[in-house]
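Student: Sequence:
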Amino acid sequence: MNILRSKDHILTAITEDRQFRVVFLKAGDLVRTAIEKHTLNPLGGIILGELLMGAALLSSSLKGQERLALRITCSGPIQQALVEASANGEIRGYLSNANPIAEGATKQEIIQNAIGVGIMHVTRVLTETAKPQTSSTELPYSQVAKDLAHFCVTSDQIPTAIQLSIDYSSTGTLDHAAGLLIQAMPGATEENIAKIESTMARHPDLGKLFFESENIQEAMKSFLADFQFIELDKTKVDFFCRCSKDRFMQGLAMLPEKDLSEMATEENQTLNCHWCSEKYTVSQSEILDLLEKK
3 MNILRSKDHI
13 LTAITEDRQF
23 RVVFLKAGDL
33 VRTAIEKHTL
43 NPLGGIILGE
53 LLMGAALLSS
63 SLKGQERLAL
73 RITCSGPIQQ
83 ALVEASANGE
93 IRGYLSNANP
103 IAEGATKQEI
113 IQNAIGVGIM
123 HVTRVLTETA
133 KPQTSSTELP
143 YSQVAKDLAH
153 FCVTSDQIPT
163 AIQLSIDYSS
173 TGTLDHAAGL
183 LIQAMPGATE
193 ENIAKIESTM
203 ARHPDLGKLF
213 FESENIQEAM
223 KSFLADFQFI
233 ELDKTKVDFF
243 CRCSKDRFMQ
253 GLAMLPEKDL
263 SEMATEENQT
273 LNCHWCSEKY
283 TVSQSEILDL
293 LEKK
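With this note's numbering applied, the sequence shown closes on residue 296, and no number is skipped along the way.
Source of the hints: derived by calculation from the structure; they are not laboratory data. Please note that the accuracy of each hint is not assured.
[Said to hold, decoys possible] Simulated DEER-style distance windows between Cβ atoms:
# : residue 1 : residue 2 : range
1 : T175      : S246      : 29 to 35 Å
2 : T173      : E214      : 20 to 26 Å
3 : K223      : E192      : 24 to 30 Å
4 : K281      : R20       : 48 to 54 Å
5 : R204      : K148      : 52 to 58 Å
6 : L290      : Y143      : 48 to 54 Å
7 : G174      : G118      : 23 to 29 Å
8 : T41       : Q67       : 47 to 53 Å
All residues carry an ideal CB built from backbone N, CA and C; glycine is no exception.
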């Protein structure tokens, strides 16, 4: 399906002393599109939005045709979530339960209760490996940002900090969505690690930082005011699914004749893409055509 490319971006940089890799993400359109396509309630929008942004941040280290999949299975009402991100900025994903309900005294507690205990699986399809590489970790925090950082530390052995910020306005519409990833490079000093931690503490609200900045570059300059940095890459990102009716028809053609015969007893079939909720209608005559080719 065709979706116009949005103005959301990932901006990747490295500090001039080569001690930190920094990735900024502006993702309002990405998250807004996901909310609209999947008809998510605010809680579902926050959780899927954070997962989409988290996958986008992780994908910033990919290149060419490389891609990754992020899947969580958990005890909370969201049950399961699956997100894919590619090196070229195409992101898509869905929740098994688009409208989770959870209680809690704070926003953070509500999100934690919606996720519960579970497992995170990250699969990378890389050019230098023949097979997809999957790593799994528990969800010790039941918070997307902290659990993703935990994954990077335990699985990739890279000290990582992640911030994800999504807020709704008083009218119930998405106000902003932004993300940040910082990774310490080999040789990072304790002094500079403390300095970057202090920087993060001064900017707990990414939404406010982006609101006060003219663009993503200015937001990064404000955040890294105490550091000299080199911009490495800027990539457009959006919610983008490559599903199509032709692809669904190719899948149907592989079904056993018995299954197609059962489908042919109905006038029309409606097929739904889990990734983007796009619906495709397949007529009885189209099913019969597939049967004739068996």
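Student: All hints, please: hold or fail.
Tutor: Do the hints match the structure? See the list:
Between T175 and S246 the C-beta distance comes to about 30 Å, which sits within the given range of 29 to 35 Å. Look at T173 against E214: about 22 Å separates their beta carbons, and that is inside 20 to 26 Å. Restraint check, K223 to E192: a C-beta distance of roughly 25 Å satisfies the suggested window 24 to 30 Å. The hint said 48 to 54 Å for the Cβ distance between K281 and R20, and at roughly 49 Å that hint holds.
A C-beta distance of roughly 19 Å is found between R204 and K148, which places it outside the suggested range of 52 to 58 Å. Range check, L290 to Y143: about 53 Å between beta-carbon atoms, so the 48 to 54 Å window is met. At about 25 Å, the CB distance of G174 to G118 agrees with the hint of 23 to 29 Å. Between T41 and Q67 the beta carbon distance is about 32 Å. The supplied range of 47 to 53 Å is therefore violated.
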